[in-house]
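Visitor: Please build the complete structure, drawing on both the sequences and the hints.
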Amino acid sequence: MQTHPVSLTIALPSGGTTSGLLQAPASAKACYVLAHGAGAGMNHAFMASIAQGLAERSIASLRFNFPFMEQGSKRPDSPAVAHAAVRAAVAEATRHMPAGVPLFAGGKSYGGRMSTQAQAAEPLPGVKGLVLLGFPLHPAGKPSTERAAHLEGVKLPMLFLQGTRDGLADLELITQTTAGLGNKASLYIVDGADHAFHVLVRSGRTDAQVREELCDTMAAWMTKR
Numbered sequence: 045m046q047t048h049p050v051s052l053t054i055a056l057p058s059g060g061t062t063s064g065l066l067q068a069p070a071s072a073k074a075c076y077v078l079a080h081g082a083g084a085g086m087n088h089a090f091m092a093s094i095a096q097g098l099a100e101r102s103i104a105s106l107r108f109n110f111p112f113m114e115q116g117s118k119r120p121d122s123p124a125v126a127h128a129a130v131r132a133a134v135a136e137a138t139r140h141m142p143a144g145v146p147l148f149a150g151g152k153s154y155g156g157r158m159s160t161q162a163q164a165a166e167p168l169p170g171v172k173g174l175v176l177l178g179f180p181l182h183p184a185g186k187p188s189t190e191r192a193a194h195l196e197g198v199k200l201p202m203l204f205l206q207g208t209r210d211g212l213a214d215l216e217l218i219t220q221t222t223a224g225l226g227n228k229a230s231l232y233i234v235d236g237a238d239h240a241f242h243v244l245v246r247s248g249r250t251d252a253q254v255r256e257e258l259c260d261t262m263a264a265w266m267t268k269r
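Converting from the sequence shown to this note's numbering requires adding 44 to each position, the first position being numbered 1.
Just so you know, the hints here were simulated from the structure itself, not pulled from any lab data.
What you were told as hints is all true, and nothing was included just to trick you.
Lysine-lysine pairs mimicking PhoX-like chemistry, simulated, CA-CA at most 25 Å apart:
| hint | residue 1 | residue 2 |
| --- | --- | --- |
| 1 | K228 | K172 |
| 2 | K199 | K172 |
| 3 | K228 | K73 |
| 4 | K199 | K228 |
| 5 | K186 | K118 |
| 6 | K199 | K268 |
| 7 | K268 | K73 |
| 8 | K268 | K228 |
| 9 | K172 | K268 |
| 10 | K73 | K172 |
| 11 | K199 | K73 |
Guide: See below:
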């Protein structure tokens with residue numbers, strides 16, 4: 045099933061705007077507000093493939109650019125600005141989706157972290173859970189768990205999808221972190237995948253197959269909430 049994204053202009057609390065893409069199949073079972081990582085915007089091939097894969101599984105998505113990406117900057121926004129953008133995107137998704145369609149938020153790396161921080165600071169209206177693709181637990185080469193401290197304040201179900209070769213989330217530490225959050229956190233491990241969910245040729249799998257696995261897992265989790 046091919047569904048085409050529709051361009052949106054999302055109003056920000058600052059008075060500016062940012063771009064969004066709504067990809068909504070007929071009779072969507074849920075809608076996922078998908079925030080991008082620090083290095084690539086909403087049009088990146090990974091983001092587009094996840095949105096299309098979810099649409100094929102009857103999950104709508106709303107991608108959006110953080111203000112820094114919209115402005116062509118390489119320097120990520122401050123947490124306050126990023127949190128406001130997440131809230132604006134969630135509000136936009138609510139306006140476009142039919143009443144009763146469950147709403148989820150999260151995203152890739154930085155986008156997922158900003159979404160969890162926003163939720164911990166003040167609940168995102170209507171959001172039922174958070175789906176996190178490659179949560180950046182620590183800087184590369186500096187294993188730690190300080191970036192996870194705010195997750196205790198997230199009072200929603202969370203799905204973490206992490207690769208075993210992710211340099212920004214030591215496998216043992218992310219396992220301990222999610223276990224410490226109790227039954228509100230679920231961890232799905234993608235064998236052989238790095239932070240970009242790329243797998244080596246010798247793994248016998250392709251990146252496309254990994255993305256299918258991610259979409260299967262995400263869609264199943266969201267439709268059960």
